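Visitor: Residues per chain, in single letters:
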Amino acid sequence: EDQVTQSPEALRLQEGESSSLNCSYTVSGLRGLFWYRQDPGKGPEFLFTLYSAGEEKEKERLKATLTKKESFLHITAPKPEDSATYLCAVQGTQGGSEKLVFGKGTKLTVNP
Amino acid sequence: DTAVSQTPKYLVTQMGNDKSIKCEQNLGHDTMYWYKQDSKKFLKIMFSYNNKELIINETVPNRFSPKSPDKAHLNLHINSLELGDSAVYFCASSQGWGNQPQHFGDGTRLSIL
Chain A
1 EDQVTQSPEA LRLQEGESSS LNCSYTVSGL RGLFWYRQDP GKGPEFLFTL
51 YSAGEEKEKE RLKATLTKKE SFLHITAPKP EDSATYLCAV QGTQGGSEKL
101 VFGKGTKLTV NP
Chain B
1 DTAVSQTPKY LVTQMGNDKS IKCEQNLGHD TMYWYKQDSK KFLKIMFSYN
51 NKELIINETV PNRFSPKSPD KAHLNLHINS LELGDSAVYF CASSQGWGNQ
101 PQHFGDGTRL SIL
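So the sequence lines, in the order shown, correspond to chains A and B. Note that the first sequence covers residues 1 to 112 in this note's numbering. Note that the second sequence covers residues 1 to 113 in this note's numbering.
Rather than coming from a laboratory, the hints here were simulated on the basis of the structure. Just so you know, not all the hints are guaranteed correct.
Straight-line distance between alpha carbons at most 30 Å, and here's what the computed DSSO-like set of lysine-lysine pairs gives [claimed, not checked]:
{"hint": "1", "chain 1": "A", "residue 1": "K104", "chain 2": "B", "residue 2": "K40"}
{"hint": "2", "chain 1": "B", "residue 1": "K44", "chain 2": "A", "residue 2": "K104"}
{"hint": "3", "chain 1": "B", "residue 1": "K22", "chain 2": "B", "residue 2": "K36"}
{"hint": "4", "chain 1": "A", "residue 1": "K104", "chain 2": "B", "residue 2": "K36"}
{"hint": "5", "chain 1": "B", "residue 1": "K22", "chain 2": "A", "residue 2": "K42"}
{"hint": "6", "chain 1": "A", "residue 1": "K69", "chain 2": "B", "residue 2": "K41"}
{"hint": "7", "chain 1": "B", "residue 1": "K41", "chain 2": "B", "residue 2": "K67"}
{"hint": "8", "chain 1": "A", "residue 1": "K57", "chain 2": "B", "residue 2": "K36"}
{"hint": "9", "chain 1": "B", "residue 1": "K71", "chain 2": "A", "residue 2": "K42"}
{"hint": "10", "chain 1": "A", "residue 1": "K57", "chain 2": "A", "residue 2": "K99"}
{"hint": "11", "chain 1": "A", "residue 1": "K99", "chain 2": "B", "residue 2": "K9"}
{"hint": "12", "chain 1": "A", "residue 1": "K42", "chain 2": "B", "residue 2": "K67"}
{"hint": "13", "chain 1": "B", "residue 1": "K22", "chain 2": "B", "residue 2": "K71"}
{"hint": "14", "chain 1": "B", "residue 1": "K52", "chain 2": "A", "residue 2": "K42"}
Here the structure is a predicted model, which means the values were calculated and not measured.
Build out the structure end to end from the sequences listed, making use of the hints.
Guide: Given below as structure tokens:
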């Protein structure tokens, strides 16, 4: 069964203090790894898809990387508006390949 | 120009009642989903439809019945509501299946009294 574990559960940073969020996964053939951002009272907002080990994607202060066992979401010089819960999800190649399996998320708080 | 919209946003009802949640997407996608996010914020797939055909049906009580009248709509009907059904239900859509990103609505918060 596909599984996703995110760490830490919560992270508090000062504005400008760079850090990384971790997503460890086990999947029977990776079709894609997805990062989402979720604000309170809102649905997850799509950020990135990574398809194969070694791939990297960037968007503003966020950079996602992928290995065969984990993905990192690097946040460079974060701002208070980056505060949100960041969700990682995987899509495998076996049985119900449309299904996303989500981790429990990392709640990021960036203090001014 | 909301891409994936759900109604209602909040639903408060009593145990034993029957209720429906509606979802519409204007992205032109052909695949739609229902997810449940419980009190621990864990998001889990319930159902998926592609071109009005059911393609994912996770282990969900048969009190939950999805209905897709067309590619742009996926509704969720719940019979005989129980306390454990309290959660936030999210609708999502994507273009095709495979590794395409799914786009989510803002959720329906269901509270059972």
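Visitor: For the pair supplied as a hint, B/K71 and A/K42, is the alpha-carbon distance within the 30 Å limit?
Guide: holds (23 Å)
Visitor: Taking 30 Å as the top limit, are the C-alpha atoms of A/K57 and A/K99 close enough?
Guide: holds (22 Å)
Visitor: Does the structure keep B/K22 and B/K36 at a Cα separation of 30 Å or less?
Guide: holds (14 Å)
Visitor: What's the verdict on A/K104 and B/K36, does the C-alpha distance respect the 30 Å limit or exceed it?
Guide: holds (13 Å)
Visitor: Please work out if A/K57 and B/K36 have their alpha carbons no farther apart than 30 Å.
Guide: holds (28 Å)
Visitor: Can you confirm whether the C-alpha distance between B/K44 and A/K104 stays at or below 30 Å?
Guide: It holds: about 10 Å lies between the C-alpha atoms, which stays within 30 Å.
Visitor: A/K42 and B/K67 were given as a pair; does the straight-line alpha-carbon distance stay at or below 30 Å?
Guide: OK: A/K42 and B/K67 at ~24 Å, within 30 Å.
Visitor: Check whether the Cα positions of A/K99 and B/K9 lie no farther apart than 30 Å.
Guide: holds (24 Å)
Visitor: Given the proposed pairing of A/K104 with B/K40, does the C-alpha separation stay at or below 30 Å?
Guide: holds (8 Å)
Visitor: Holds or violated: are the alpha carbons of B/K22 and B/K71 at most 30 Å from each other?
Guide: holds (13 Å)
Visitor: So if I understand the rule, the pair passes when the alpha-carbon distance is 30 Å or less; does B/K22 with A/K42 pass?
Guide: holds (17 Å)
Visitor: If you draw a straight line from the CA of A/K69 to the CA of B/K41, is it 30 Å or shorter?
Guide: With a Cα-Cα distance of about 24 Å, the restraint between A/K69 and B/K41 holds, given a limit of 30 Å.
Comparing the model with each numbered hint stated earlier shows that all of them hold.
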